[in-house]
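Engineer: If you're matching them up, the sequences are chains A, B, C and D in order. If you count the first sequence from 1, position 70 lands on 70 in full-length UniProt numbering, and the numbers rise without skipping. If you count the second sequence from 1, position 359 lands on 359 in full-length UniProt numbering, and the numbers rise without skipping. If you count the third sequence from 1, position 77 lands on 77 in full-length UniProt numbering, and the numbers rise without skipping. If you count the fourth sequence from 1, position 169 lands on 169 in full-length UniProt numbering, and the numbers rise without skipping.
Keep in mind the hints are simulated off the structure, nothing from the lab. Warning: the hint list may mix true and false statements.
Copies of the same chain are indistinguishable here, so a pair counts whether it falls within one copy or spans any two.
Dumping the calculated DMTMM-like pairs for lysine to aspartate or glutamate here, alpha-carbon to alpha-carbon at most 25 Å [to be verified]:
(1) Lys-36 <-> Glu-128
(2) Lys-378 <-> Glu-189
(3) Lys-36 <-> Asp-333
(4) Lys-120 <-> Glu-273
(5) Lys-120 <-> Asp-333
(6) Lys-36 <-> Asp-104
(7) Lys-36 <-> Glu-358
(8) Lys-121 <-> Glu-377
(9) Lys-121 <-> Glu-283
(10) Lys-36 <-> Glu-387
One letter stands for each residue in the lines below.
Number of protein chains: 4
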Amino acid sequence: MTPTTDRPDPAVLAALAEQTIELPSWAFGNSGTRFKVFGQPGTARTPFEKLEDAAQVHAHTGLAPRVSLHIPWDRVDDYGALAAHAADLGVRIGAINSNLFQDDDYRLGSLTHPDRAVRKKAIAHHTECVDVMRATGSTDLKLWLPDGTNYAGQDDIRARQDRLAESLQEIYALLDPHMRLLLEYKFFEPYFYTTDIPDWGTSLLHCLALGERAQVVLDTGHHAPNTNIEFIVVQLLRAGRLGAFDFNSRNYADDDLIVGAADPFQLFRIMNEIVGNDALRPESGVNFMLDQCHNIEPKIPGQIRSVLNVQEATAKALLVDRDALRAAQHAGDVLGANAVLMDAYHTDIRPLLAAFRESRGLPADPFSAYRASGHGEKIAAERVGGEQASWGA
Amino acid sequence: MTPTTDRPDPAVLAALAEQTIELPSWAFGNSGTRFKVFGQPGTARTPFEKLEDAAQVHAHTGLAPRVSLHIPWDRVDDYGALAAHAADLGVRIGAINSNLFQDDDYRLGSLTHPDRAVRKKAIAHHTECVDVMRATGSTDLKLWLPDGTNYAGQDDIRARQDRLAESLQEIYALLDPHMRLLLEYKFFEPYFYTTDIPDWGTSLLHCLALGERAQVVLDTGHHAPNTNIEFIVVQLLRAGRLGAFDFNSRNYADDDLIVGAADPFQLFRIMNEIVGNDALRPESGVNFMLDQCHNIEPKIPGQIRSVLNVQEATAKALLVDRDALRAAQHAGDVLGANAVLMDAYHTDIRPLLAAFRESRGLPADPFSAYRASGHGEKIAAERVGGEQASWGA
Amino acid sequence: MTPTTDRPDPAVLAALAEQTIELPSWAFGNSGTRFKVFGQPGTARTPFEKLEDAAQVHAHTGLAPRVSLHIPWDRVDDYGALAAHAADLGVRIGAINSNLFQDDDYRLGSLTHPDRAVRKKAIAHHTECVDVMRATGSTDLKLWLPDGTNYAGQDDIRARQDRLAESLQEIYALLDPHMRLLLEYKFFEPYFYTTDIPDWGTSLLHCLALGERAQVVLDTGHHAPNTNIEFIVVQLLRAGRLGAFDFNSRNYADDDLIVGAADPFQLFRIMNEIVGNDALRPESGVNFMLDQCHNIEPKIPGQIRSVLNVQEATAKALLVDRDALRAAQHAGDVLGANAVLMDAYHTDIRPLLAAFRESRGLPADPFSAYRASGHGEKIAAERVGGEQASWGA
Amino acid sequence: MTPTTDRPDPAVLAALAEQTIELPSWAFGNSGTRFKVFGQPGTARTPFEKLEDAAQVHAHTGLAPRVSLHIPWDRVDDYGALAAHAADLGVRIGAINSNLFQDDDYRLGSLTHPDRAVRKKAIAHHTECVDVMRATGSTDLKLWLPDGTNYAGQDDIRARQDRLAESLQEIYALLDPHMRLLLEYKFFEPYFYTTDIPDWGTSLLHCLALGERAQVVLDTGHHAPNTNIEFIVVQLLRAGRLGAFDFNSRNYADDDLIVGAADPFQLFRIMNEIVGNDALRPESGVNFMLDQCHNIEPKIPGQIRSVLNVQEATAKALLVDRDALRAAQHAGDVLGANAVLMDAYHTDIRPLLAAFRESRGLPADPFSAYRASGHGEKIAAERVGGEQASWGA
């Protein structure tokens with residue numbers, strides 16, 4: 001009954017060969033909590049260095065050919081040069097993320113601010129982002145709306161939704177026809193009473209109002225306690241509106257830990273729905289991204305561990321015996337159906353993946369290979385002086 | 001700055017005069033936890049006696065002219081006689097609730113069950129409910145879908161949504177043109193892995209697919225921890241799909257305590273959005289219902305306390321100085337806007353309501369008046385023998 | 001680096017050979033939610049039949065030589081006969097659980113009830129339990145205190161603690177010198193405002209006041225959302241007061257699902273602390289018990305799956321390379337230390353355990369072996385008539 | 001039945017006259033989230049200016065005669081001068097808080113760090129804090145331990161407890177005989193897997209091990225979702241170990257909003273236990289402190305609102321008819337007992353407090369009086385140049 005990993009199904013290998021995970025440039029800058037940002041030796045100082053770090057992840061894993069940028073954190077004079085640098089490194093630019101939370105004007109909101117002038121400024125920021133998209137070949141404009149309020153009565157909940165709808169329409173109109181708007185939701189933080197897009201329902205309603213190229217981003221850390229995330233994955237796929245994942249993990253709030261670290265079984269269940277609903281294929285349009293903070297661990301190894309965790313969960317999901325699963329489900333065999341799923345989960349997929357990697361000229365164990373490469377020590381020695389990148393840079 | 005309660009605004013009194021809250025018949029039967037159902041002296045034994053108890057609540061408060069039925073718990077031979085009995089008592093039949101959770105066939109689901117035969121049975125149950133609606137003059141068919149799974153893999157999440165959509169369409173087609181389908185969501189329980197309608201987004205998607213007479217029911221106890229409920233109220237009003245409330249309160253899960261008992265400020269914030277979005281008027285179509293369990297406290301006083309809590313929160317919401325609130329919000333005066341809201345909340349509204357009640361021939365203090373009436377002792381003495389109503393009856 | 005499972009460490013096998021898990025008699029009766037108890041064919045009707053079912057679990061797994069009783073659910077005329085029946089079946093009686101939640105007198109509490117007469121009744125119930133212990137050779141008296149309140153002000157929180165302390169002292173005094181009092185805590189349910197022993201801190205304080213033979217019971221489903229349970233395991237071990245586990249799993253509240261079903265990684269982390277703090281050995285005094293409800297799945301296979309899940313998690317915990325772990329921890333190697341742990345977790349332990357079982361004359365796959373045995377069909381056919389056991393019986 | 005506020009009980013007024021609330025110096029510096037710290041005009045730049053701001057709160061409310069310092073944030077050359085400055089302003093120095101979270105060495109912990117040298121550094125920091133205490137007349141050394149881990153396996157949970165116990169003993173030994181050690185707990189943040197003092201039980205165990213002058217600090221925002229805080233208040237009072245409150249409020253995590261803003265009824269219930277357990281009196285040893293962030297609202301008005309919220313909740317708690325409450329509790333009158341409590345809560349206490357303030361030469365409405373005073377504008381105009389204080393300063 002155990003899935004065979006000795007002679008793996010060619011379809012499984014083909015699916016794995018197509019899988020890609022997008023890295024966030026900001027994972028290679030310093031990050032932290034409100035209490036402290038710990039610096040790390042060798043942290044990238046420029047968008048160019050961030051791409052170099054990201055390229056290390058791809059070189060070792062073959063999984064991460066794209067890098068998301070964050071504007072203005074990754075502002076450069078010449079985006080064409082940046083894209084060319086990426087190409088030289090074997091990667092390319094992915095989604096462009098707009099920053100709506102680090103300007104003093106946004107204290108009471110950006111796209112939902114009571115003052116039309118502030119909203120216009122926030123909307124205008126996306127013109128720059130779309131320009132970056134054109135210059136870098138990016139097709140995904142990604143918005144996380146940090147807006148919200150801290151106190152009951154502080155602002156009108158309904159009016160903020162109306163303002164948001166209007167602002168989003170103006171941004172959507174900026175896009176070229178082949179571009180998408182990816183709209184993220186988040187339960188709370190950085191505001192603590194209302195959040196203007198707190199859940200998938202709100203994000204989806206706005207996307208439906210905008211048009212087909214507006215899609216929802218599911219960040220795995222952005223839900224209320226105890227929320228069943230794979231259920232939401234299915235809902236968004238059923239509605240045809242799952243645009244992207246922001247992968248990470250959490251035990252408490254938006255902890256932004258390494259994906260799969262807090263609950264590897266949850267990650268497997270999510271990937272199981274992705275596979276079971278045929279959304280793993282690149283043509284599905286789901287952009288699988290990371291969005292994490294490596295506050296205390298080294299960043300490049302942290303990203304390598306992260307993409308490996310996603311790959312392992314995916315491989316296990318691909319091993320699920322779907323005929324057996326369906327048969328047990330139809331028979332109402334509760335424990336039997338569960339056992340089919342767990343059988344795949346309990347399989348040690350690492351030997352299969354090691355062989356798969358070697359067959360593609362990659363290290364069998366990318367995590368150890370990177371550690372052994374001396375690259376971490378090299379950048380620590382070289383990147384002296386200048387200012388290390390971080391969320392504020 | 002404090003809202004005046006000495007010479008109340010006639011508009012406030014007019015709004016209060018129009019307010020109604022629907023009582024659930026099952027609040028007058030015994031209820032409990034999975035561990036124990038405590039019986040109480042005087043508990044109603046028949047649907048007719050439940051109506052008599054509900055009529056006591058209305059007689060003392062003037063707030064509760066309607067009673068929801070639950071089929072089959074309130075099955076009688078002659079629904080016309082039941083409706084006439086209600087009319088004699090000064091109340092009428094409200095929503096009809098269909099029961100989908102107490103048949104052995106529903107172990108793995110009702111409207112979402114893998115077996116089409118079980119789904120047909122569950123759908124057919126609504127034919128009976130619609131007949132009851134016709135016989136009693138009810139216009140609201142209310143569905144709480146208890147369906148879900150306990151174990152990962154137990155059933156296909158997507159397939160269950162598809163089955164649900166199909167089942168709901170068949171039920172919707174049963175309705176007469178003036179009838180509504182009210183669709184409730186619930187975070188979890190009685191299943192503990194997936195719930196087939198766990199959140200407002202899922203309920204709304206199904207309602208949108210059904211048509212305009214499908215509306216969402218918001219039960220205040222059916223959310224993930226920390227969820228901002230008034231935000232959802234606003235979303236559903238903005239979408240034109242808030243069909244009804246099931247009022248109660250909770251500290252932990254779906255505790256079904258007396259509304260306003262656990263967090264009176266939350267109830268005020270909810271009613272504040274209702275008032276602020278002009279949804280208090282009867283024409284708004286929002287049916288304000290209770291759905292509670294009086295496990296350890298006496299039931300009629302428990303219901304009286306509940307409708308009074310809603311009335312007090314409503315009256316406070318009506319006192320909010322909306323011009324001042326808007327001005328502070330537009331000025332970005334965070335503390336000032338909050339203060340306007342809190343000013344109404346901190347007002348002791350009870351004298352105003354006492355006077356309002358007396359002006360309508362009602363007791364100033366309905367809770368104490370009922371206690372003093374001796375009715376509780378009377379039914380305890382009279383209702384001897386027979387079987388007390390409960391969830392299983 | 002991967003732990004070797006081909007030539008397993010004899011110490012691992014020795015530790016596995018000593019491991020035992022206690023089964024609850026009530027897992028073999030029907031259970032459910034407040035909404036519905038689904039009956040199942042073949043459900044045991046008497047304490048004797050429950051022991052027969054439990055013996056099936058032990059016969060197939062070699063893991064479950066003890067069965068907890070629950071008084072009065074398992075009340076029989078002759079406890080000596082019951083114990084002898086157990087012995088004939090190859091098992092024995094474990095902890096005795098006292099029931100404090102199914103008497104009408106306990107509506108407002110049992111050991112904490114405002115009325116001393118009710119408290120005396122609840123205390124007196126333990127005299128019967130201790131008699132059962134003497135008659136069956138049990139040494140553990142297990143108390144789950146369901147007491148609490150539903151409404152603020154309902155009772156005095158402090159007074160209830162004082163009453164509880166007094167009641168517990170009287171119960172503790174009933175014990176023979178070789179007996180222990182195991183005191184469970186629970187976050188909420190069946191009451192929804194206060195719980196009189198809601199957390200490990202409260203339980204421990206009462207145990208410290210009672211004496212050395214009072215120990216804390218950790219039920220894995222009895223915590224607030226997001227609680228780190230393995231941390232509590234360590235705290236109780238450090239204090240020398242971890243008396244027992246009630247194993248189960250949950251996604252939401254006290255769901256009482258099969259242990260390891262909701263979060264297998266959590267179960268592994270718990271067992272990792274047990275192993276790492278040398279508390280797996282029988283002499284540690286920790287009684288590893290199950291406490292679950294098989295509401296929709298068959299009960300004997302459900303219990304088999306449960307003990308297997310605990311065994312698998314234990315085996316993985318035994319595989320952790322503790323020298324490597326300690327070295328990485330001392331070096332401050334965050335990702336490396338985590339990798340050591342995950343290495344054991346990702347190992348497919350099932351082949352090792354299959355071989356281990358066969359070496360002891362047990363089926364390699366107990367779950368499938370039981371299914372294939374026809375026992376489930378046999379008891380369904382035989383156990384006709386009579387009343388199936390359930391929480392109320 | 002409504003509590004009389006027209007002719008207030010002299011005992012109530014006497015209790016209110018004795019009430020004091022300690023302000024945190026850091027509330028007058030800028031604060032924010034990990035995403036953004038918004039600056040505000042007029043923010044204090046030095047510890048001396050923070051004291052001036054705090055003195056404004058006391059001058060308007062008569063409630064806040066003490067100010068907590070945070071070392072090193074409030075490091076000055078001459079603490080005697082700082083204390084004298086406080087005295088000139090009509091306030092004095094309260095607790096001294098030690099900072100254990102802003103040094104690069106503390107990335108993996110401070111008092112629990114694997115490396116003894118780092119622990120020694122963290123312990124040594126308290127020598128400075130005790131010197132500040134001696135120089136300023138402070139008697140409370142307050143520790144919030146931010147230590148924890150982000151990943152399973154990262155460090156040994158048990159070893160960290162042992163190190164913590166040792167570190168705390170060394171710190172306790174630094175204290176003069178009249179000084180107390182106040183030990184705070186927190187559910188999570190800034191670490192996201194384990195927290196070394198995550199709950200009241202852990203803090204209490206360490207305090208019990210240290211000695212009588214070690215007491216627990218209860219921060220109202222530092223609990224798991226749904227936790228009943230007033231229950232913990234009672235537990236700590238019963239154990240004689242409630243040393244201090246850190247007041248604030250939250251909807252989600254440690255939001256650090258204005259106390260009473262998120263759930264005013266919770267604040268009332270907490271103060272009700274304080275009053276009911278006779279812990280309001282200064283001799284009780286409970287230090288009532290604020291610990292909040294005014295991220296978007298002005299700071300001095302935010303603190304004024306905060307102390308007023310505590311005062312209002314206290315006054316309502318003092319109004320509770322304790323004889324009636326006890327009688328209803330003893331009679332098992334669930335709804336009646338709750339009604340006694342709610343009666344006090346629903347009372348509009350503001351007129352009584354306005355009169356009380358005026359009788360003491362204070363403004364009837366301190367919040368409006370401060371706004372009208374022009375002080376906010378004055379400091380905004382005067383405090384130009386220099387660096388505004390914040391958590392990092």
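Engineer: Hints first: check each against the structure and report whether it holds.
Structural biologist: Checked hints:
For the homomeric pair Lys-36 and Glu-128, the shortest alpha-carbon distance between copies (21 Å) is at most 25 Å, but the shortest distance inside one copy (31 Å) is not. For a Cα distance limit of 25 Å, the shortest separation of Lys-378 from Glu-189 qualifies neither inside one copy, at 37 Å, nor across copies, at 32 Å. Proximity of Lys-36 to Asp-333 under the C-alpha cut-off of 25 Å is restricted to the inter-copy arrangement: shortest distance 20 Å between copies versus 51 Å within a copy. Taking CA atoms no more than 25 Å apart as the test, Lys-120 paired with Glu-273 passes in neither setting, with 39 Å inside one copy and 27 Å between copies.
Taking the shortest alpha-carbon separations for Lys-120 and Asp-333, only the inter-copy value of 21 Å comes in at or below 25 Å, while the best intra-copy value is 57 Å. Proximity of Lys-36 and Asp-104 under a CA criterion of 25 Å is satisfied in both settings, with 21 Å inside one chain copy and 9 Å between copies. In this assembly of identical chains, the alpha carbons of Lys-36 and Glu-358 never lie at most 25 Å apart, being 41 Å within a copy and 44 Å across copies at closest. For the homomeric pair Lys-121 and Glu-377, neither the shortest alpha-carbon distance inside one copy (42 Å) nor that between copies (27 Å) is at most 25 Å.
In this assembly of identical chains, the alpha carbons of Lys-121 and Glu-283 never lie at most 25 Å apart, being 35 Å within a copy and 40 Å across copies at closest. When the C-alpha separation of Lys-36 and Glu-387 is checked against a cutoff of 25 Å, the pair qualifies both within a copy, at 17 Å, and between copies, at 19 Å.
Hint compliance for this structure: hints 2, 4, 7, 8 and 9 are broken, all remaining hints hold.
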